[in-house]
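> Given next are the chains, with one letter for each unit.
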Amino acid sequence: MDTLPFQFITLFANSAILIFVFYYFFKLNAKEKELEKKEGKVDADYHHIVDEALAKERKIIDDATTEAEKIITDTDYASTTDKDQLNLALNKIVEDIKKETAQTGHDLIDHYASTLKVISLHSQENFQDVSKEFEDSLKKQIRDFQDVAKTLETDLQKQIKDFHQSLLPNLQKELEEYKTERIKQTEELVNTITQKAAEEIFNKSISIDDHQKLIIESLEKAKKEGVFS
Amino acid sequence: MEGLDLTDFFQTKEGSLDFSNRLATLSEEIYKSDFNLEKSLTNHFGIQKKDKFISILRTHSVNTESTSDLKKFLTFAQEEIKVFPVLSIKLAFDPNEKILKAISEWFILNIKKQVLLEIIVDPKLVAGCDISYKGEFKSMSVKPKLDQIIKDVLANSKNSTPATGKNNTSPGTNQNLDNFSIGR
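First to last, the sequence lines map onto chains A and B. To convert a position in the first sequence, counted from 1, into our numbering, add 19. To convert a position in the second sequence, counted from 1, into our numbering, add 275.
Warning: the hint list may mix true and false statements.
[Said to hold, decoys possible] Restricting the straight-line Cα-Cα distance to at most 20 Å, the calculated cross-link-like pairs of lysine to any residue (SDA-like) are: (1) A:242 <-> B:407; (2) B:327 <-> B:340; (3) A:240 <-> B:340; (4) B:420 <-> A:225; (5) A:215 <-> B:430; (6) A:203 <-> B:435; (7) B:373 <-> B:294; (8) B:418 <-> A:135; (9) B:420 <-> A:209.
Since the hints were made in silico from the structure, they are not lab data.
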C-alpha cells in the first residue's frame with residue numbers, strides 16, 4: 020500500500036513524458052512542412068533570377084558584339100589610313116637620311132682629303148727639316164772628327180819630336196851606361212874565372228917537389244931580406 | 276945543454292903540444308918501481324922515434340939509469356918546447372910530413388933553432404908561401420905575380436878588341452819626323 024503514491028507519481032510522470040513526446044513530434048512535423056514550402060518558394064525565386072540573369076547576359080553580349088564589330092570596322096579604316104601615311108613618312112625619312120648620309124659622306128671625304136693633303140705637306144716639311152738637321156749634324160761630326168784627327172796628329176808629331184829631342188838621348192846614354200856596366204861585370208867575371216882557372220891549373224900542374232923547392236926558395240929569400248934575424 | 280932538435284918528433288904547434296903532454300906522462304912514469312925507459316918510449320913514440328929519443332939523450336949526456344937526470348932532461352925539453360918560435364906559414368896545398376920536416380930542418384940548418392909551424396892552406400896562393408914570423412909578414416907566393424900577368428894579358432886583349440860604334444844607335448831615315456804622317 021505504501022508504494023501506491025509512488026506508482027501514481029510514476030504513472031503521471033510517464034504520461035507527462037508521452038504527452039511531451041507527442042507534442043514535440045507534432046510541432047516538428049509542422050515545421051518540416053513549413054520548411055518544404057519555403058524551400059519550394061526559394062527554388063522558384065532562384066530559377067526566376069537565373070533566367071533573368073541569362074537573358075540580361077545574352078543581351079549584353081549581343082550589344083558588346085555589335086559594338087565590337089563597329090569598333091573593328093572603324094579601326095580597320097583608321098589603320099589603313101595611318102599605315103599609308105606612316106609609309107609615306109618613313110619613305111620620306113629614308114630619303115632624307117639617304118640624302119643626308121650622302122652629303123655627310125661627301126663632306127667627310129672632302130675633309131679627309133684636305134686634311135690628308137695638309138698632313139702630307141706638313142710631313143714633307145718636317146722631313147726636309149729633319150734631313151737638313153741630320154746633314155748639319157753629320158757635317159759637324161765630320162768636322163769634329165777632322166779636328167780630333169788633326170790634334171792627334173799634331174800631338175803624336177810633338178811626342179815623336181820630344182822623344183827624339185829628350186828621351187832618345189837619355190835612352191842612348193842609359194843604354195851606353197848599361198853596356199859599360201855589363202862589359203865591366205863581364206870583364207870582372209872573366210878575370211875571376213881566368214884567375215881561378217889559372218890558379219887551379221898552376222896549382223895542380225906543380226909537383227910536390229917543385230912546391231917544396233919553391234917554399235924553400237921563398238924561405239931563402241925571406242932569410243936574405245932579414246925576416247928571421 | 277945545447278939547443279934541442281926535435282924535428283923528428285914534431286914540426287907543428289899542435290904536434291909540439293902533443294909531444295909535450297907525452298913527455299909529462301913520461302916524467303910521471305919514471306918514478307914507478309917497474310919503470311922501463313925503452314918500453315915507455317916505445318909505448319909513447321913507437322920503435323923508430325924511441326931510438327931517436329935515446330940518441331938525443333946520449334947527445335945531451337943524460338944518464339938513462341938516473342931517474343933524476345931523466346926527470347931534469349924531460350923538464351928541460353918541456354921548457355924548451357914552450358919557447359920555440361912559431362912560424363905561421365900559408366901554403367897553396369896541404370903539406371905532407373916530408374915537406375913539413377924539410378921546412379923544419381931548413382930552420383935548424385939556417386937559423387940554428389927549431390920553429391913550430393902553424394900551417395894555413397890557401398889554394399889561391401898557387402905556389403910558394405906567405406910567412407909571418409915574430410910579427411913580420413912576408414908574401415913569398417906566386418899569386419901576386421900571376422895576378423899581374425893575368426891582368427896584363429886581359430888588358431892587352433881588351434885593347435885589341437874592335438870598339439863598338441856609338442853612331443849605330445842614331446835614328447835612321449825611317450824615324451825622321453819629316454817623313455811622318457797619319458792617314459789621309
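> If a hint holds in the structure, say so; if it doesn't, say that too.
Evaluation of the provided hints:
no., hint, in the structure
1, A:242 <-> B:407, "12 Å, holds"
2, B:327 <-> B:340, "17 Å, holds"
3, A:240 <-> B:340, "46 Å, violated"
4, B:420 <-> A:225, "16 Å, holds"
5, A:215 <-> B:430, "17 Å, holds"
6, A:203 <-> B:435, "16 Å, holds"
7, B:373 <-> B:294, "18 Å, holds"
8, B:418 <-> A:135, "115 Å, violated"
9, B:420 <-> A:209, "18 Å, holds"
In summary, the structure is inconsistent with hints 3 and 8 from the numbered list given earlier, while agreeing with the others.
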